[in-house]
Amino acid sequence: MSVRAGQQPETLFHSCIRFVAKNLQLYKNIEYLELLPALVKNAIFLNVVRVHKGFHDEELPRLLLNSSLTRVNLSTSTITDGMLALLAEKCPHLRSLTLTEGNYRFTQTGLCAMIQRLGKLQHLYAKNCPEIDDVFVGLLATSCPQLDTLDLESCKQVGDGSADCLSGIPLVRLNLSHTSITDKFLKTIANERCGKTLEDLNVGHCPITSEGLKALSWNTIKYIGFEGCSIEGSARDGSAG
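One rule links them: number in my numbering = place in the sequence shown (from 1) + 94.
Just so you know, these hints were derived from the structure itself, not from any lab. For clarity, every value in this text was computed on a predicted model and none was experimentally measured. Fair warning: there could be bad hints in the mix.
With a straight-line cut-off of 25 Å between C-alpha atoms, the simulated SDA-like cross-links for lysine to any residue are [to be verified]:
(1) Lys281 - Ser324
(2) Lys221 - Ala207
(3) Lys308 - Ile325
(4) Lys250 - Thr170
(5) Lys214 - Asp242
(6) Lys281 - Asp294
(7) Lys221 - Lys281
Using the sequences and the hints given, assemble the complete structure.
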């Protein structure tokens, strides 16, 4: 006879985190919030983003962000130049940053100032951001040489001018769907470091043709998305099959 274990009760730690996160505004002016251990701060920060629709001022993130954080998700939050400056100041060891689905209220100046101070960044997710263009991508490539995941879907200002910048970066996952890149982009990166490390590439709904895909080496690519592109044949004769 087997007995199925019931759902385990929530731990006291997680109950406390959930309570504080829900009522965080009440703690804004209490100095003890800043004195909490990094582990507790990180748990509160994550809970606010996941459950309570993010942060919409800079006061609370100023108290919670800290140097032990290596992953920050600001989706659902209001993201200003001040918020980006806090990230650069408080989280120098950041390896993963998600801006996607945030309320973008920052300038390109603020974005560039932040990225220059996040030299350990490996993953950046910033879909549909009007402030991201080829100039920013060039600065990103220079400032973050360990970058291996870049998601700039629907960043319309990103185009072929980003190719030279990214060609020397060992990217593994790259999403440039719904951007302005063309075959020229793929031909530029194909025989460079980036073209030889890519495993996951999405160029869907870009002005890409089979000529661009044929240029890729295909030695490492495990997935390629090209929905909405003008591709003749299967994907890999030059095709992807």
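Taking each numbered hint in turn, which are not upheld by the structure, reported in ascending numerical order? Violated hints: none; all satisfied.
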